[in-house]
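Protein chains in written order, with our numbering: chain A, 1 to 227; chain B, 1 to 235.
Don't take every hint at face value.
Claimed, not checked - Partial list, computed: chain B residues near chain A (C-beta under 8 Å):
{"id": "1", "residue": "Ala36"}
{"id": "2", "residue": "Glu38"}
{"id": "3", "residue": "Ser194"}
{"id": "4", "residue": "Thr215"}
{"id": "5", "residue": "Cys218"}
{"id": "6", "residue": "Ala220"}
{"id": "7", "residue": "Phe221"}
{"id": "8", "residue": "Leu225"}
Said to hold, decoys possible - The list that follows gives simulated cross-link-like pairs (lysine-lysine, BS3-like), each with its CA atoms no further than 27 Å apart:
{"id": "9", "chain 1": "B", "residue 1": "Lys24", "chain 2": "B", "residue 2": "Lys41"}
{"id": "10", "chain 1": "A", "residue 1": "Lys226", "chain 2": "A", "residue 2": "Lys98"}
{"id": "11", "chain 1": "B", "residue 1": "Lys41", "chain 2": "A", "residue 2": "Lys226"}
{"id": "12", "chain 1": "B", "residue 1": "Lys234", "chain 2": "A", "residue 2": "Lys226"}
FYI, nobody ran anything at the bench for these hints, they're computed from the structure.
This one's a predicted model, so the numbers in the text were calculated from it and none came from an experiment.
Backbone N, C-alpha and C define an ideal beta-carbon position, used for all residues, glycine too.
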Amino acid sequence: MDTQIDNGPGAASAFIQLAPGETITSESGAMIAMNGCQISTTTHKRKSGNIFGGLKRMLGGESFFMNHYTAYNEGGEVWLATTLAGDMAEVNVEAGTKIVVQSGSYVASEDGVEVNLDWQGFKSLFAKEGLFWINLSGSGKAIINSFGAIYTIDCDGEYIVDTGHIVAFEETLSFKLSKAGKSWLSSILGGEGLVCKFSGTGRIWVQSHHASNFGHSLGPLLRPRKQ
Amino acid sequence: MSTEEYEYAEEQPTSDMDYHFDCKPDFSFLTVQIPANETLKVEASAMATMDTNIKMKTKLKGGLGRFLTGENLFVNEFTAENGPGEIGIAPGAPGDMEHVHLSGSSIFLQNSAFVCASMGIDVETKWQGFMKGFFSGEGLFLIKCSGEGDLWFSTYGAMIPIDVDGEYTVDNNFIVAFEDTLEYSVGSVGGYKSLFFSEGLVCHFQGKGRLWIQTRQCPAFAGWLHPFRPVKSKN
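I would like the entire structure built from these sequences, with the hints used as guidance.
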């Protein structure tokens, strides 16, 4: 896929051109417009149960819809959108290295990239907000989006990132979650209050703003929901 | 099928009124210089600042019928009395803005995209063929702007113009505006799934003309916000 990302960091969009017969996959709801492609949808079942109870309610089942765009003979083009006001970036998934991406940040990927929805590393982090973690493997390009701007940190040693700011990272890094403050009180009152300490060598994609904090600041102002 | 390379025009194209944009594409703000004794019609609540010699009158466009459908277009008319006046306009949603000058042709706009127009522009909420958009597509409430004059419209997110020559398919939630030289039909695409709670309706365009799309949609934002809403207590 030939990607052009414009209008970042606040209102990014991706314009993708496909060669005849080429297929890309994207999360449902991301497509703005398209021409010259056949679209199909697959439903990805998630193997694990309980933790994603909240997610299950949000999505109405333990599944996640993906659209696949295959260009016809003249080639095709697809425009993709972000969910929140933010940026987009293209990442290269290389054979042998896996990239972990926050589910809200996955936008699209080439056919050679395998999208696995059951990454267990961060388990229930943000699960009640409908987020889970995706593992990208194989070889090819993928597009991620963010809340706010995206910037990359090439970790070589150690680096601490607040969990709400993690967009994606290479699985060559080891990580350890710990509470940000000295007490659990600040962690509970502040939402997650967790930071992730990465160590080793690898790239981390970070977003400038914390989506959950934004959600929590708006939540009390909105009408209550039934469940 | 072809899409020309797009470059934002830095110079204003022909317009009867002087204007300029600031803070595109994230927080677009429009400033218009209304000539003496002329009037600008502006979407209600969009006026941010204005000179003291500008006077305002409120109108409900489209009459009672439109009010009942739930789609309102409250329009305020701002007239510069005894001299020219400057008015600053900000639409409700943070995003982009565009200007077109119409001379006889028409543009269809998503209802929420209308920002302001000079008096020579007729804003119609019903026209022949209006049923196509209204009844066959969920949420595709179009208004038709035609006549002679300036029109400004806005988006949620950034705006991208596409010069269609052949066909193009756009998800209903991302359509902003299109020229009347394009044929359009609302429907679904086999195999396409949009947001979980959305109908997944798209609009197929055919012909030759310009189409404007936006880079974000409100339903996706609302869907993302849903888990953050407080849960109703049972008592």
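Would the hint linking Lys41 (chain B) and Lys226 (chain A) be met if the CA-CA limit is 27 Å? The hint is violated at about 41 Å.
Between Lys226 (chain A) and Lys98 (chain A), does the CA-CA distance stay at or below 27 Å? Violated. Lys226 (chain A) to Lys98 (chain A) sits at ~39 Å, over the 27 Å cutoff.
Given the hint that Lys234 (chain B) pairs with Lys226 (chain A), does the C-alpha gap stay at or below 27 Å? Measuring from Cα to Cα gives roughly 9 Å; hence the hint holds.
Interface hint status, Thr215 (chain B) versus chain A (Cβ within 8 Å): With a closest approach of 4 Å, the Thr215 (chain B) hint holds.
A closest beta-carbon separation below 8 Å is what the hint needs, so does Ser194 (chain B) meet it against chain A? holds (5 Å)
Restraint check, 8 Å cut-off on beta carbons, for Ala220 (chain B) near chain A: With a closest approach of 5 Å, the Ala220 (chain B) hint holds.
Cut-off 8 Å, beta-carbon criterion: hint that Ala36 (chain B) touches chain A: Because about 37 Å separates Ala36 (chain B) from the closest Cβ in chain A, which is outside the 8 Å limit, the hint is violated.
Against chain A, run the beta carbon of Cys218 (chain B) and see if the smallest gap drops under 8 Å. At 11 Å from the nearest chain A Cβ, Cys218 (chain B) fails the 8 Å test, so the hint is violated.
Can the hint on Leu225 (chain B) be confirmed by a CB-to-CB distance to chain A that is less than 8 Å? holds (6 Å)
For a C-alpha distance cap of 27 Å, please report whether Lys24 (chain B) and Lys41 (chain B) respect it. holds (22 Å)
Hint check, Phe221 (chain B) versus chain A [nearest Cβ-Cβ separation less than 8 Å]: holds (7 Å)
Are Glu38 (chain B) and chain A close enough, Cβ to Cβ, to be under 8 Å, as the hint says? Violated, because the Cβ-Cβ distance from Glu38 (chain B) to chain A comes to roughly 33 Å (cut-off 8 Å).
Hint compliance for this structure: hints 1, 2, 5, 10 and 11 are broken, all remaining hints hold.
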